[in-house]
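Place chains B and C on chain A using the hints.
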Amino acid sequence: MIRYVNVKSRMRNEFIDITEKVQEVITEEGMKSGVCYIYVPHTTAGITINEGADTSVQRDIQTALTKLVPFEADYSHREGNADAHIKSTLVGVSQSVFIDEGNLLLGTWQALYFCEFDGPRHRRVAIQLIKAVTPS
Amino acid sequence: MIRYVNVKSRMRNEFIDITEKVQEVITEEGMKSGVCYIYVPHTTAGITINEGADTSVQRDIQTALTKLVPFEADYSHREGNADAHIKSTLVGVSQSVFIDEGNLLLGTWQALYFCEFDGPRHRRVAIQLIKAVTPS
Amino acid sequence: MIRYVNVKSRMRNEFIDITEKVQEVITEEGMKSGVCYIYVPHTTAGITINEGADTSVQRDIQTALTKLVPFEADYSHREGNADAHIKSTLVGVSQSVFIDEGNLLLGTWQALYFCEFDGPRHRRVAIQLIKAVTPS
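Protein sequences, first through last, are from chains A, B and C.
Counting in our numbering, the first sequence runs from 1 upward without gaps.
Counting in our numbering, the second sequence runs from 137 upward without gaps.
Counting in our numbering, the third sequence runs from 273 upward without gaps.
Only chain A is shown next, with the shape it has when bound in the complex (with noise of 0.2 Å):
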């Protein structure tokens, strides 16, 4: 019931567009309407729905984040990787999105984002989905 879509990140701070992945395992297992869910098992990364026509917008957030959030800064955690945890935090590991006709049902702009802030490193994600019942 619960699926996986694999990643491979190749810098340390990267967004992979994962939104083909996702909806191929709503495809497979036939799912027409309710919840998708997309959870990241990982405490240096995360999720975002952002724009997926303009890579620029993407570049702007992760840039955006680093200013907020440096890379080195006056940390208690010696991993040299607190940053990514602090990021992880202010985007989020899980985020849920609907399912109509068999399609995930994102806005125009819209595609679904795997957040590397600790990369290059192999990841996953985990999915479920959970169909829509309708009140008896």
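Note that these hints are calculated values from the structure, not bench results.
Note that the coordinates shown come from a computational prediction; the quantities given were computed from them, not determined experimentally.
Please note that the accuracy of each hint is not assured.
Some residues of chain C that are not near chain B, with every Cβ distance over 12 Å (derived) [claimed, not checked]: (1) Ser-281; (2) Ala-345; (3) Val-365; (4) Gly-391.
Simulated restraints on C-beta separations [unchecked claim]: (5) B:Ala-209 with C:Thr-380: 47 to 57 Å; (6) A:Gly-102 with B:Glu-215: 44 to 54 Å; (7) C:Gly-374 with B:Glu-208: 50 to 60 Å.
Rough simulated footprint, nothing fancy, chain B against chain A, three-plus residues with beta-carbon under 8 Å [what the hints assert, rightly or not]: (8) 44-50; (9) 93-104.
From the three backbone atoms N, C-alpha and C, an ideal C-beta is built for every residue, glycine too.
Just chains B and C, lined up with the frame of chain A:
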């Protein structure tokens, strides 16, 4: 099954209380208990849950967001609304609220706010209700 | 159907690990697979999922949030806790975590943290479980 609530913003940055409109959908659908999903299909807006009693709180949140993510900076996105995209990722585009005895189960001071970051615009918010199913 | 977990904070800013308490609810309800929703019905608190092994991470997140949103600034809200409201919107008040074979499906390093931003206070966290329903 998916319902829409229309929202009309009048300013570039504006929080609009949509609690009553969401409650109307729950009442019309006759949903007694479960989860109410609120989804914003836009990339320059968001949704948050925060104090509804004192409107100064929403102004403080807007001011703080604009301080963190200024309207003008060295953005690569050329449409003049990179700040709005970044704020959308920080605030998020979906919320899940419980339904109990036919009502949104919000805390005493909580209200549901549509967050406009690139208005004025006509917007819409998607709503889906999932009925609670007890373990069998 | 909606369960509550009580949380008692001892400091103004404090992260409290509620993973075990949430797991207890799942075990008591006998839920084997589905989604566990955690909802904070407060406007000056939040919930995040982040590293549970090294407590320095939660301190770094708190410090970073306070740097981004200082306790004192030119806030219009007169109750002295505008910062806590803003942090609540940045971190969020709800999370969805998967349940697999009766257990919260967290990543290896993940823990569920109640985020107090205006303590010390007695707080509560609402929990609802939705069973996975396979497509028919």
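Hints breached by this structure: 2, 3, 5 and 6
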